[in-house]
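Listed in order, the protein sequences are those of chains F and Z. Position one of the first sequence corresponds to residue 85 (the numbering used here), numbered consecutively onward. Position one of the second sequence corresponds to residue 85 (the numbering used here), numbered consecutively onward.
Derived from the structure by calculation, the hints contain no laboratory data. Given the structure is predicted, the values throughout are model-derived calculations rather than measurements. Errors might be hidden in some of the hints.
Claimed, not checked - Each computed EDC-like pair below joins lysine to aspartate or glutamate, with the alpha-carbon atoms no more than 20 Å apart: (1) 240/F to 477/Z; (2) 240/Z to 477/F; (3) 86/F to 135/Z; (4) 86/F to 95/Z; (5) 240/F to 100/Z; (6) 134/Z to 143/F; (7) 354/F to 395/Z; (8) 86/Z to 95/F; (9) 134/F to 143/Z; (10) 341/F to 95/Z.
Each chain is listed here by its residues.
2 protein chains.
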Amino acid sequence: MKAQIISIGNELLIGDTVNTNASWLGEFLTGLGFTVTRVHTISDGLQIIKDTLNQAISESDLIICTGGLGPTHDDMTKKAVAELFDVGYKLDEQTLEYVKSMFKKRNIPFSKSNYSQAEVPENAEVLFNKAGTAPGMWFNEDCCIAVLPGVPYEMKYLMEKKVSEKLREVFGDIGYVYSHYIKTAGIGESTLSDEVLGDLSNHFQNGVSLAYLPAAGGVTLRLNGHGSTKEEAKQYVQALKDIIYQKAGKYIYGEGKDYSISEAVGKLLKEQGIRISVAESCTGGLIANTFTDVPGSSNYFKGGIISYANEVKVNQLGVSEKDLVGVGAVSKEVALQMAKGVAERLGTEIGISTTGIAGPGGGTEEKPVGTVWMGFYKKGEEHFAIKAMFTKDRLINKERTKMVLLEATRRILAGIEEMPYDLKKQLS
Amino acid sequence: MKAQIISIGNELLIGDTVNTNASWLGEFLTGLGFTVTRVHTISDGLQIIKDTLNQAISESDLIICTGGLGPTHDDMTKKAVAELFDVGYKLDEQTLEYVKSMFKKRNIPFSKSNYSQAEVPENAEVLFNKAGTAPGMWFNEDCCIAVLPGVPYEMKYLMEKKVSEKLREVFGDIGYVYSHYIKTAGIGESTLSDEVLGDLSNHFQNGVSLAYLPAAGGVTLRLNGHGSTKEEAKQYVQALKDIIYQKAGKYIYGEGKDYSISEAVGKLLKEQGIRISVAESCTGGLIANTFTDVPGSSNYFKGGIISYANEVKVNQLGVSEKDLVGVGAVSKEVALQMAKGVAERLGTEIGISTTGIAGPGGGTEEKPVGTVWMGFYKKGEEHFAIKAMFTKDRLINKERTKMVLLEATRRILAGIEEMPYDLKKQLS
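Produce the entire structure from the sequences given, and follow the hints as far as they go.
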């Protein structure tokens, strides 16, 4: 079944707003088995909305239209739809009462323009929107059309709670697509695809497909399966998933589109009943921040020392002044001392550290921008540093340092010998 | 002059990639005085690319087409354009040599498909792309068409260095739009627009316009001016800018779309020759990370202590155990002690601190999720805490705490008495 998305709003055309609604809808509709053939992004203009709707109707079975439903005069979508179908308006009592009650709560006077929020074209089926004041609308004419507010959480609420129901009603025969995400780190996309996983095409029956989504420091694998039931689609994906785990298990830190490396490390720390602390120089708080983005991280993350100045490395972490002068702050010695120092001073079983030249300035012939040392200390068990050469870009260097060090930590906690990107453990 | 954008790539339709190219192009073209009337997002299909190009040609003076220029068989854009104009291909020697040299550098064998990278439709003017392997193309037929790679930095490079030149050549009479961004913090959008700035419409001559772009903890003002020369457009904006500074000066921390609050604080610290350190509990490293995202921050940012566990607050910051038990970690007392403690132990003139309940768990009747105390200490001058109640969302609470505390710090450094959102300074 073919679907098209119409995103309405001047702010999208002049670049004030990135069209994240369209990508969310694209993923949602693909997941239901629709093929999204076009996204039209257009202005709040009466004629262009009507023309675009007509074009989309001629090209597709389903149209999701978002934006331009506000109470102000520059919101044209409702008028365009009414004119398109050549119908008048009807009042939706439920919406009117709801909008009135919301205004009452906030002590805002209820105006004529607010009243119009509750009016919809006569042929519309109202999709009640308890997430906002503008109702969604469903039209089942030559083509199915859902007209939704542009506010992302209102649009998502209506898609998940109301529109998907209507879609099952009308397109009962559409299959189910099940998408699953596997997150890897510490291995490059080409190595993962060419050497580790190899050609998996003979496993791509039943519309199962695999996509590589690379990002700084990790590659996400997206598995899609298509079945007549959700369970069936899930089974197909599971079969491919098993093979991927057999071949690439040690590079996988978790599952789920937004699952983070700090969650993976946290999970292992919690299971093993141990705690971690961080000593950050070049990452400057990024790693601590990543840990503390995760709810419940206080169970295993005790804290950190951001030792941006050498003086702080000496006084707060016990780094040797001799080494700072001798081999310099960006060195194996200092990385090792920072990791051990933070673990001992904060009283954690594990301490990790970063020291490097993030850039753009500060590089030398011998230690160019992108040179990073990472330290790892586990009481009585492990104490080593790894060296990496990253890029000329400050923020990418911070991000990649975080990913490599946290993946190294995950692998040690999981009993995996191989370090990210095959980096060598360098002992003191 | 009307412009349309055509974004090509299946990844955009299934939601794997958000179409940031389109918003960047929308802003870029608007800035040059074009009216962007549509963005077409379509798949890598030969026919749909041709159809969409034909539609766009009939509707606009300029088309920017991105994506689908890779070497693989699923990249169709070049073929579609050649078929559209019914022309063959020519080889671009410069591109061929460049691609070969790039492959040599990386020791990758040069294949037939790579050769085709250097071929372009006969009627194309090549826009040499030193940022990648796929050349950009310029067509000046019934309508001007720029065909560019989808990789964002390659596309931006070609737009800024090559396409804008061509646009001046062809659309010599287009005016100039000058956009300028003013960043404010610590004041709500409605207060800023209704009470502080008021109705500025009588200053909106010469196509000068003002837009409010709200985000967590701050509102960005976008000023646009249109003139026959860049200088003229700039003058119009300057006039409005002066009025905004007169009315809202104390809420403005800087200028430029991506200028950050940590840069503003850093600038003042540098000017005053003093340094700062941070003691973070609920923000968990976010503030240190924000400081260290700024190149050269080592000149004024000395480091920080992430005291997630109470034990760390006591041992590393000298917070009183009595207070932690008595009034609790989320309290004025502890915020004050953390700020002073970090400044003294890290040896900086200024210390700032955060302690709060980020959520989702950990809330109580008396201290619900979103309760945050922020501390400020300046040796011999200031020592106070401010309390705020934020949201139920962990990440929003971290972000807003960061913005409020850094804006409070900026105002003190700038000699402004009023605290963000009129929060009260609470002394020990």
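We went through each hint and held it up to the structure:
1. 240/F to 477/Z: Within the cut-off at roughly 18 Å; holds.
2. 240/Z to 477/F: holds, 17 Å
3. 86/F to 135/Z: holds, 17 Å
4. 86/F to 95/Z: Cα-Cα ~16 Å, so holds.
5. 240/F to 100/Z: Holds, at about 17 Å.
6. 134/Z to 143/F: holds, 15 Å
7. 354/F to 395/Z: holds, 19 Å
8. 86/Z to 95/F: holds, 16 Å
9. 134/F to 143/Z: Holds, because 15 Å separates the two Cα atoms, which is no more than 20 Å.
10. 341/F to 95/Z: Given pair residue 341/F, residue 95/Z holds - Cα atoms ~15 Å apart, limit 20 Å.
Figure legend: structure checked against the earlier numbered hints; every hint is met.
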